[in-house]
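> Chains as they are written, first to last, in UniProt numbering: chain A, 1 to 433; chain B, 1 to 433; chain C, 1 to 433; chain D, 1 to 433.
Among the clues, some could well be false.
Since the list gives no way to pick out one identical chain from another, each pair is judged satisfied if it fits inside one copy or across any two copies.
Capping the alpha-carbon separation at 30 Å, the derived lysine-lysine pairs in DSSO-like fashion look like this [said to hold, decoys possible]:
| hint | residue 1 | residue 2 |
| --- | --- | --- |
| 1 | 340 | 247 |
| 2 | 51 | 247 |
| 3 | 104 | 247 |
| 4 | 117 | 46 |
| 5 | 104 | 117 |
| 6 | 102 | 340 |
| 7 | 247 | 102 |
| 8 | 102 | 115 |
| 9 | 398 | 340 |
| 10 | 398 | 117 |
| 11 | 398 | 247 |
| 12 | 102 | 398 |
| 13 | 115 | 398 |
| 14 | 398 | 51 |
| 15 | 247 | 115 |
| 16 | 398 | 46 |
| 17 | 115 | 104 |
| 18 | 117 | 247 |
These are calculated hints, taken from the structure and not from any lab test.
Below are the chains, spelled out letter by letter.
4 protein chains.
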Amino acid sequence: MSEQFRINRRDMLRIGSVGAAGMVLGGSALAQSGEYLPPTEVDTGKVVGNKVIFENWRAPADAPSAPPPAPLPPEERVGFALVGIGRLSLEELLPAFGECKKAKVTALVSGTPDKLKTVAEQYGIPEQSCYSYDNFDQIADNPDVQVVYVVLPNSMHREYTERAARAGKHVLCEKPISVSSADAQAMVDACAQAGVKLMIAYRIQYEAYNRRLQQFVRQGTFGRLVGMSAVNVQTVAENGTQQWRHKRAMAGGGSLPDIGLYCLNTARFLTGEEPVEISASIYSPPDDPRFAEVEETVSFTLRFPSNFMANCFTSYGARDDKYQRLNFAEATVGMPNAYKYEGQSMLIGQRQGENDGETELVIQAPNQFSEEIDHMATCVLEDRRPYTPGEEGVQDHKLMEAIYQAAQTGQPVQLEPILGLDAFRGDPATENS
Amino acid sequence: MSEQFRINRRDMLRIGSVGAAGMVLGGSALAQSGEYLPPTEVDTGKVVGNKVIFENWRAPADAPSAPPPAPLPPEERVGFALVGIGRLSLEELLPAFGECKKAKVTALVSGTPDKLKTVAEQYGIPEQSCYSYDNFDQIADNPDVQVVYVVLPNSMHREYTERAARAGKHVLCEKPISVSSADAQAMVDACAQAGVKLMIAYRIQYEAYNRRLQQFVRQGTFGRLVGMSAVNVQTVAENGTQQWRHKRAMAGGGSLPDIGLYCLNTARFLTGEEPVEISASIYSPPDDPRFAEVEETVSFTLRFPSNFMANCFTSYGARDDKYQRLNFAEATVGMPNAYKYEGQSMLIGQRQGENDGETELVIQAPNQFSEEIDHMATCVLEDRRPYTPGEEGVQDHKLMEAIYQAAQTGQPVQLEPILGLDAFRGDPATENS
Amino acid sequence: MSEQFRINRRDMLRIGSVGAAGMVLGGSALAQSGEYLPPTEVDTGKVVGNKVIFENWRAPADAPSAPPPAPLPPEERVGFALVGIGRLSLEELLPAFGECKKAKVTALVSGTPDKLKTVAEQYGIPEQSCYSYDNFDQIADNPDVQVVYVVLPNSMHREYTERAARAGKHVLCEKPISVSSADAQAMVDACAQAGVKLMIAYRIQYEAYNRRLQQFVRQGTFGRLVGMSAVNVQTVAENGTQQWRHKRAMAGGGSLPDIGLYCLNTARFLTGEEPVEISASIYSPPDDPRFAEVEETVSFTLRFPSNFMANCFTSYGARDDKYQRLNFAEATVGMPNAYKYEGQSMLIGQRQGENDGETELVIQAPNQFSEEIDHMATCVLEDRRPYTPGEEGVQDHKLMEAIYQAAQTGQPVQLEPILGLDAFRGDPATENS
Amino acid sequence: MSEQFRINRRDMLRIGSVGAAGMVLGGSALAQSGEYLPPTEVDTGKVVGNKVIFENWRAPADAPSAPPPAPLPPEERVGFALVGIGRLSLEELLPAFGECKKAKVTALVSGTPDKLKTVAEQYGIPEQSCYSYDNFDQIADNPDVQVVYVVLPNSMHREYTERAARAGKHVLCEKPISVSSADAQAMVDACAQAGVKLMIAYRIQYEAYNRRLQQFVRQGTFGRLVGMSAVNVQTVAENGTQQWRHKRAMAGGGSLPDIGLYCLNTARFLTGEEPVEISASIYSPPDDPRFAEVEETVSFTLRFPSNFMANCFTSYGARDDKYQRLNFAEATVGMPNAYKYEGQSMLIGQRQGENDGETELVIQAPNQFSEEIDHMATCVLEDRRPYTPGEEGVQDHKLMEAIYQAAQTGQPVQLEPILGLDAFRGDPATENS
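Next comes chain A alone, as it looks inside the complex (with noise of 0.2 Å):
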């Protein structure tokens, strides 16, 4: 046996040589308890203000931790009260105040009192912050409320938004945030005469794959943006013809103002301009009852200042997908689950060194609801204007009543363009929200 080898054994036994009392089958250890290191050694991290900072302990090659998360202290924490405790609130909303930083639930809003008292002791809601939709105005004197998130069907958002502005309180509205522009105007005006914030739930601008999809646009990382296909479409049960979202004067539409919302939302959040052009074409199944009062399908293409095009798409009549594909000059975009309520993803498919690849990138992203939450939050305590107010909303209803003019009269309606950038949004969300 060569010289060499020897020695390559030897490195490999040294270590197990050196453990070796510790290493037999059943005897005693080596490494014994009680031997410890100083407390002050073991617990690491600094206190740098008010959080605990840890050093790398990775080499370059892994990605470092994220700082930890630096909760507010329950008593600093803004206070909201959520209107509705349907199943958006109970599956998604309430769950996502447990991963909230800034914000707490501490008032209901419900029509039905048992689902009311069920829910307030699960979240620890005391009574006298449980309101019925008729005595909601007393919420003016609960000093525990600062914000009310309203998650009604559409047509009850008016309603909410004006009495919460009434009673005083800042305003979450769930999106779309009306049922027509002229509604959604008359929110905005509502809360600026009252004094209070209005900011409407557009989780997806609050969503870490598509806010770094949206650096990615705005820095020009891959080129000129050409083009964009997004889809949102997902089913709904046979009988549901009893769901308000079937009638048009609860919903304002079918498919288009629940989920193709999203598409257009997106495409103008990513690119920050605002269309010019829209053509639509609308199809629902002639006597399937559910789609008697509002569209099924609706097919829309947006062309905007700088000629990007975005073609998009959603139904109600197809499998749940949520797909957005951006095609750049030097670079695919491709994000399954876009718009689902978790689980994006990124795929980039990109020219690397002398081989095409496909990267999907792994990104650290919190739950988006407890982001827009928390974004909330901190206008109200820093006294900020949201990224997606009121305004936002108005202006999406209009492009919608455009979709829908464009595929009622068969004719392309031409938009007056808006100069600049994020014309109706406020400030951008931080890494702090």
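Start from chain A and add chains B, C and D according to the hints.
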């Protein structure tokens, strides 16, 4: 133009026509604010017991929503004291409590007062529930604490488990349970004597994808399990010589007990079997002070009674990778990120009708730390034996000692076969933890 | 050590023991050269007709091998003359003939003598079967040529198709068939008059993944097809102004007839339907000489009689991307590389038992050019009408003219509905082409 | 409408206007047949030496086309005789010759006359170049044959290699070279004595993705290679007892020499190193007649001089899977289908700027069989030593014998270290094979 087509055109436009009044750009909307269903129709969801249940509102082609979480009221939850507020506690565990349904943090223990004060404020822990390592035993008098969660360097696990047991508190202890099987057994004995529960925080055994994979294995969904390749590697900073993980007395070993343990423990968990033969090979770069006391790299092979074989590989020298691949008679299952804190996925290669297909399964995967903690809370609330009790940790230490022995002697180690499945496990976690 | 285990150990070693004599390192092998089955047992496979058939030697969990190719003897194959030996001919078509089973190259036509000589030598084409554009008509006298494959700039397709037809040769013509529907129709008429077949080289209609997708659509495997998003974009060199593709007279258009045609043609092919409404929008960067005559970018939407809608996007301004995504009632199908020369794939998102899953289907996909060429050869051998005859090309030109008109006028174009499926197609290609 | 927008509209329509005359539906096209560039401008591409070269016509964001193949004229190619026309020959090798650039099939050898006749006709092999096993030696007189490609059961490799060498023909022999290292060495000696080349058909060493991976390893692109997990498993039909693969005397072993060999050989090929320590474990299901003589499953671990370790797993009991995963200091590389006939891919997990990313690399991957065969042809044409000569096969047999010994004795086998890289390899294949 054919009759058929004219009908189609009419259908196409019908919806648009219905809503025409509301569609004119800038006009008055047909859908008017204030038109809404009575609140009882809006607020869907029925209360059953202490839960709210919704009907499925999607067609069968789409996944139904999971039932909304039904957290225990805060005052009914099990209180946990966190011993050690290092990286894992701050980055993962404290946030995970925000997603728990049965557990809450009620006390903190730390040796660094300013960090303790900062973190206690962030999470609303009252000053009287903050302990140092010195006065930790006073926790016996704290009725808000039912479980002590030990999150310290390995060599300290025994002491704090024993002190907690003496204080009459149940113990949830991070993995590995200790630094040797002898110490581990002493911990089990101490808890038994004190009449408190001891659970080891094997989070993977509570992680949704791995649990589903366990079902596949146990139910024989893909036929006999023939082999498994498991990898758990990551890097450590080059200047990391002061970390306790590099000190044998503190850590009990290097990459093996820290991360290689996942390969070992998961192979046991998935099959329920215990290995009968172990071979192993170790390597550490000579002259690297980080690996003067503990090993960098271990390759080991486990053979189980069913003759299923697991090839495992762990190292501190390679970029982060936590992968397992299982070869069944009728399928291949790959799990990228198998042992990560989040982001698990599962790819199943299988014959599908007349084609081969690889299916990526989408599973609702809650925060695995929250699931683990809630399981401990459930065991306390329902007086059940934890699924991963101290004995599970003792067995892993015995096997790791066999791995070290095999590497040191250059001889495979034969182990007494253990009959039956899940010899060291308690009551399985259910869907409600 | 328990009895059970000892038995296991014995089983485990049994095989080893059997072969012991042959296993000693460097020793004499038990398995000795010269020991073999009689040739009839070695040479498996039976001759059935003119094919060799093997039994499946794998378990049902694995894909059986496809039957081995059974190429026609060289002298029985159909001889093709390639007119134009530019990029496509050299990079794709000539190599593809090496994978054909019924076709062979027997003549070449080119205007550059040194290139003609070089390529003829490489592929063993005799000098007397090499033609210039001037003496091309002498091909009439070449009995080795049955089909002329026209691979020239679009505006030259008509002339060479007509000359080939006059020479009594069948014609396979690259897509687009020509530069206008009028020219296209003239080509169809000329071939009909001459009694020769005319096929357009729509390779996607012969590509395995797209053909499987067609089956899914036609058989309703995933329910109603609701929408489709199709993208075909690629870049052109900045100094590419001299390319014929940028000259309207030569190309008939820009990205639309060159690559956007794939979106249009594939939507028609998959459904068998013909569009009834087309809207479109065009953009070309001003002052870019490459786009002085032809368009850079086109977005167009097709509506079909079944109310299926296809959003299509094509451009010369974005990095190569050839993607289609289909939204069905019960599944989502994504096809990266849908229109590429190779590398197609198919991902099917679908409910799978109690989970959502995305399945990547693995299909045996032969060279699509070879399949296309062999289909033409089969049509000649069996006197069948090509699946993609000249009429298929005429229809695409009519539709592209409608797209240009819609973009130019800003008005959607309504088209006379065409009853029935596959109105312009011939006999489907079978598994044997 | 603002000025800016009107300008945009004009730009948008400008292109349309230019082409207006040709755009009216059904009208006369502006682009008219017959308008074309002179042929010399159409026929792009320059002749350089005996190759045609095209300029890149795409922007740098897109992959440039590979240069078109420049096959040797048929009469200059190296002629191969195929000995054995079983599954591999018919399904893979004969078709692969259609994609070769330097090789051609000129003779066939078989023991079943009707199959021989059928296949000879399909591939145009003249009757006088068809041989039986009896009259095979007459091939010495056939000037069209320069290489004999042995595609027979393993135990027959030696005889036919020796007979071919005696006939003065070079030999390309399927893997494994034989059934023992002794036989393998005899083959090497026989060819050396006869002055003919001997190459073993290790196709993976000629496969594009594995070759690129070799570059990454050798150039240290991702830092030190720490570990590798390699799997090669597949099933065999249950009634497959009569297959020669289940007879030790014919096959020399079970899954190990047939498919496990790929894991072993590729680990050696990628690093260029030779293992110094081997441990192994074997299992065969008792009472399964298929595994009465040969093993079903082998797990083995290789340790190399650089302390890189490879965990390998092979079995006839699991669904087809051919996977390798490499853990480097700075990246993880996964290769699904690593050892398949086609469909290789490569996923590289790596730090990318501020993110983690997993990149799927797209590499032009020609038919690996054609590459392998063309390499042998090149070695004949240029009198070079094959990259995978007989010695490469001898070494694999020695290592497989060590694997069997380790499994049988339950003791790792230590091997004499071999200095230098690629100790048993010849001249590397170049891009031109």
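> State for each hint whether it applies.
Structure-based check of each hint:
1. 340 / 247: Only inside one copy: residue 340 and residue 247 sit 24 Å apart there, 45 Å across copies, limit 30 Å.
2. 51 / 247: Classified as between: cross-chain Cα gap 28 Å, same-chain 49 Å, threshold 30 Å.
3. 104 / 247: Answer is neither; intra-copy 33 Å and inter-copy 43 Å both fail.
4. 117 / 46: Intra 43 Å, inter 12 Å, cutoff 30 Å: inter-copy only.
5. 104 / 117: Answer is both: 18 Å inside a copy and 21 Å across each meet the 30 Å cutoff.
6. 102 / 340: Intra 24 Å, inter 27 Å, cutoff 30 Å: intra and inter.
7. 247 / 102: Classified as neither: same-chain Cα gap 37 Å, cross-chain 40 Å, threshold 30 Å.
8. 102 / 115: Answer is both: 27 Å inside a copy and 20 Å across each meet the 30 Å cutoff.
9. 398 / 340: within (24 Å within a copy, 40 Å between copies)
10. 398 / 117: neither (39 Å within a copy, 51 Å between copies)
11. 398 / 247: within (20 Å within a copy, 41 Å between copies)
12. 102 / 398: neither (33 Å within a copy, 46 Å between copies)
13. 115 / 398: neither (36 Å within a copy, 52 Å between copies)
14. 398 / 51: For residue 398 and residue 51, neither the intra-copy (44 Å) nor the inter-copy (40 Å) Cα distance is at most 30 Å.
15. 247 / 115: within (24 Å within a copy, 55 Å between copies)
16. 398 / 46: Close neither inside one copy (51 Å) nor across copies (37 Å); limit 30 Å.
17. 115 / 104: both (20 Å within a copy, 24 Å between copies)
18. 117 / 247: Intra 29 Å, inter 54 Å, cutoff 30 Å: intra-copy only.
When each numbered hint is compared with the structure, violations occur for hints 3, 7, 10, 12, 13, 14, 16.
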